Amino acid sequence: MDILSVMGIIVALAAILVGNYLEGGHADSLMSGVAFMIVAGGTLGAIMVQFPMKIFMLSIKVSVWVFIPPKQDHHAVIEKIVNWSNIARKEGLLGLETISESETDEFAKKGLQLLVDGSEPETIRSIMEVDLSTKEHLSLQAAKVYEAAGGYTPTVGIIGAVMGLIHVMNNLADPSKLGSGIAVAFIATIYGVGLANMLFLPMATKLKLIIHDQSQFKEMIIEGVISIAEGENPRNIETKLQSYLH
Amino acid sequence: MDILSVMGIIVALAAILVGNYLEGGHADSLMSGVAFMIVAGGTLGAIMVQFPMKIFMLSIKVSVWVFIPPKQDHHAVIEKIVNWSNIARKEGLLGLETISESETDEFAKKGLQLLVDGSEPETIRSIMEVDLSTKEHLSLQAAKVYEAAGGYTPTVGIIGAVMGLIHVMNNLADPSKLGSGIAVAFIATIYGVGLANMLFLPMATKLKLIIHDQSQFKEMIIEGVISIAEGENPRNIETKLQSYLH
Amino acid sequence: MDILSVMGIIVALAAILVGNYLEGGHADSLMSGVAFMIVAGGTLGAIMVQFPMKIFMLSIKVSVWVFIPPKQDHHAVIEKIVNWSNIARKEGLLGLETISESETDEFAKKGLQLLVDGSEPETIRSIMEVDLSTKEHLSLQAAKVYEAAGGYTPTVGIIGAVMGLIHVMNNLADPSKLGSGIAVAFIATIYGVGLANMLFLPMATKLKLIIHDQSQFKEMIIEGVISIAEGENPRNIETKLQSYLH
Amino acid sequence: MDILSVMGIIVALAAILVGNYLEGGHADSLMSGVAFMIVAGGTLGAIMVQFPMKIFMLSIKVSVWVFIPPKQDHHAVIEKIVNWSNIARKEGLLGLETISESETDEFAKKGLQLLVDGSEPETIRSIMEVDLSTKEHLSLQAAKVYEAAGGYTPTVGIIGAVMGLIHVMNNLADPSKLGSGIAVAFIATIYGVGLANMLFLPMATKLKLIIHDQSQFKEMIIEGVISIAEGENPRNIETKLQSYLH
Amino acid sequence: MDILSVMGIIVALAAILVGNYLEGGHADSLMSGVAFMIVAGGTLGAIMVQFPMKIFMLSIKVSVWVFIPPKQDHHAVIEKIVNWSNIARKEGLLGLETISESETDEFAKKGLQLLVDGSEPETIRSIMEVDLSTKEHLSLQAAKVYEAAGGYTPTVGIIGAVMGLIHVMNNLADPSKLGSGIAVAFIATIYGVGLANMLFLPMATKLKLIIHDQSQFKEMIIEGVISIAEGENPRNIETKLQSYLH
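Protein chains in written order, with my numbering: chain A, 1 to 246; chain B, 1 to 246; chain C, 1 to 246; chain D, 1 to 246; chain E, 1 to 246.
Isolated chain A (complex conformation) (with noise of 0.2 Å):
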């Protein structure tokens, strides 16, 4: 659970409204369902239009890690990595066969085959990394839909806010209906501001944080899988892959 995210939202939200009400403004004042819709709905067509189904639908999926990031435990896996080249030591590489068909973790897995099947290290190395890359460009592209939302909520903020405006050009001869496109106006501008500033884009930056660091994850397997198929020293593996320890 990742308390700083919900605790982000509640110090951004409070500030806002309790320096509202410090101003002597009501909370009624700040909402307005058809400014939401205005902003909500525009960014999202404007998504839509922008992504393909697959990173859509990816980036629905994704939105969770920003509250519970997914678990990636490096202790685990230099121990885990550690452990299978004492097997490929003792037993050689054929004695991972059974360990691999037991593996839970995708990439290991398909390492693990690479490494049973005999295949060369640079073999290991380019199929991994495409595998790596692949996957990582789609996350990538899923965290940058909330980047794009956070570009584009501002700026149809101030396409309600103008429509607002407008509105009120063509009421001025009835200063009774001023006040209600002023407020639509002002409040999709809040709107638009608020949604990319405290939502859309600090999710889209820790989701390109959590993503870099499940590559620098998988880069870690890549080369310790590397280095039992060259046969390294599973001292030598342990010490090269606590580098990348944080």
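Among the hints, a few may not be true.
Note that the list lumps identical chains together, so a pair holds whenever it fits in one copy or between two copies.
[Unchecked claim] Within a straight-line C-alpha distance of at most 20 Å, the following computed SDA-like cross-link-like pairs (lysine to any residue) qualify: (1) Lys54 / Val193; (2) Lys61 / Leu140; (3) Lys135 / His212; (4) Lys61 / Glu120; (5) Lys80 / Leu22; (6) Lys135 / Ile78; (7) Lys54 / His74; (8) Lys208 / Leu58; (9) Lys135 / Glu223; (10) Lys54 / Gln242; (11) Lys90 / Met31; (12) Lys61 / Lys71; (13) Lys208 / Thr134; (14) Lys54 / His246; (15) Lys71 / Leu209; (16) Lys135 / Gln216; (17) Lys109 / Asp28; (18) Lys61 / Asp28; (19) Lys54 / Val82.
Treat the hints as calculated values from the structure; they're not laboratory data. As the structure is a prediction and not an experimental result, all values here were calculated from the model.
Since the structure of chain A is provided, determine the placement of chains B, C, D and E on it from the hints.
Below, chains B, C, D and E without anything else, positioned relative to chain A:
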């Protein structure tokens, strides 16, 4: 058919128009042929200065991809390449000659011909990589036509807005003309910001993602053809190419 | 003749002027010698501080390319190089000496001379790549003069606008001067945004695309010359160079 | 002690406050607890969503570096490495064992241990480069916390400003409340723009420069350790390392 | 003497001041010591926080280059290097010892000493490249001081403007003070935008171009020194170095 692109445009338009209606405005108040002419004409002109004829025409052609993306069947092509490698094993590289003649994909055909000619793996890679990057550069420029359009519409919208305001200033004495000037001013802004954020910029990114996929697809073909040239066994080639699946 | 560039400028200007006319404004209301002097002079000054004399002069020279792009016949040069490789096969590299003397393209001539001198392929590549990138850097800077101009005109336009507004503020008591001040203010903005988006920025990109094509053209020549130095057969050289066609 | 950082903050604040005073304003007119709460709270919240706990905590720790930069004595470390190479020449790599135990710099100690273990130069480089880049990535993210803060404060300031303006709009009938609304609106803008440009963005860049220096310092150590592993003579090592001095 | 830099500043200033005069404004109306103090002081403070002392001092030193660029005679240095290669051919590398002692250019002297010491070409390249990039990084940071200044002046100008507007708001009852507040507000904007676009940003780019030229000049020296170390013949070295001419 990219259903998401179609729905995205509908969702965005609906959000704006329904939002306008709920505020009590008429759809009419957002219509202005003059504002559209300024924004569309100014942007079109800038685009024509910016891009050479070849890229300008290509950008019209690729715009279809946003709604009907080009088909790329990764699984089918892997199967095809594995099949080639089996033939090459049994009948030698010359056995690929008849297949090369009936191959419909231009890029794959080029690879097959290089194999049949008995070219060195490094030569094959260099020739196919140059071909890939030359075509990729051209397609990317076509996608950038929409990126550029998305950059120009808001600024041309501002020109339209300021022209409207000058008109208002020159007619301060005649308040009846005030409304029309401000209307064009604001509507030009909406057209500029709206076209950029709900059409051109999302289109540009979707096109870039499609082009990235095409290049990766071709990378996969290059990898396969080179593996055949190096005489790798079909099972290894399959494993290697499957890393490109996502 | 790049007909698109000429038409682009006409289309953009027409959109603005006809739009202004349809709104009921006079073309006069968009004319201000003072506003033009501020925007043009301020931008010219900034450009002069920014670029050294050599690049400043070159930018004037290359501006012609936007309308009359330099000719580059890929097919002709491939034919020429294949011809050279045939001569080299029959008469040896020294057979290229007379051809080298009559070659008019500076870059190709340099390549021929290196061949005749019997330089190593790696030496030829390194010498020609340095030559290419030195010239490319210079041309790109010349293109960036227009990019920089496109960056400065809007901000100088804002300076003109604010100066106009200060003028208005200082004459609040005399409303008859109000109009002229605001006019200059707004017209300076239009000149700044318009020159940037409908002239300078599109010019800069078109120039960059032309320079990219030139570099790729030279890359093709380098590839051909090196292939001759390596004694490859003419048919292979032709296949290789055709990958550069688009 | 980085005296320039301290003086910089004083100079910037003085310019603002004295400027305000000379215009005839009271310092009071720039103070608003509510505006500060909105800007600080909104930005803090966004930062908390954006960065994982580890980087968030590290960013607090490295903020001290802006005023008390970490010490890095290039001359001393060159002398130290040359000394190691002398010992390695006389006593063999094992002679570095006692020195390795008493070395206080973590990174240098790691290098010494790899030397004592008799690792290959390429292995040493790969292990130490991974260590360097893992730590560098983390520190750079910590610096980017301030960059992000500098990106969010102006936009949150705009949210505060628009909220103030909504408040004003809702109280048009009661002019006595007009002033307070506009005040918060404008002060939130000043806080947002001021914090970004006079504190967060400059801090972020100074931290990045410090981190760049640290990485270069470590590069120098890697170069030295590898040269010892390759058995180069101490005088050459000294020449080599002195290129890192600036 | 870079006459273009001097004329550029004059042209830009003249455009502004003559423009102001032609509109009927007094130069006085653009003068405000307070506005200048706010913009200059705020920017200076931000710069002081952002850059370490060494870079801050260096930025003052290199600012002269904008008007008096450092001399770099490519032709002379090529001649010099060809001369060295002739000596090395006739007298061996040790023959360069006396020349090395009298060489005034620091970088060339370092190269000569490495030659006299009989260092390997790869060692020479690595030592000289590190030297080049260390110094280049420092100079580029000094140029970035002006880029940063150009980024801060407009935003500090906005702070000055908003402060002026707050002042106006607090004195709505006393219209006589209205003018002065708005004046400072607008003048601060002009100073901010003007200093950035007509001085700091152009300076930064010119400095970067000069530094790029310096680095290329050094690259040429490295190439020459290494060619001598590899015993290439003087005529080839001359051909190679002439590719750096533009």
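* Could you check the structure against the hints above and give me the numbers of any it violates, in ascending order? => Hint check: 1, 4, 5, 11, 17, 18, 19 fail, others pass.
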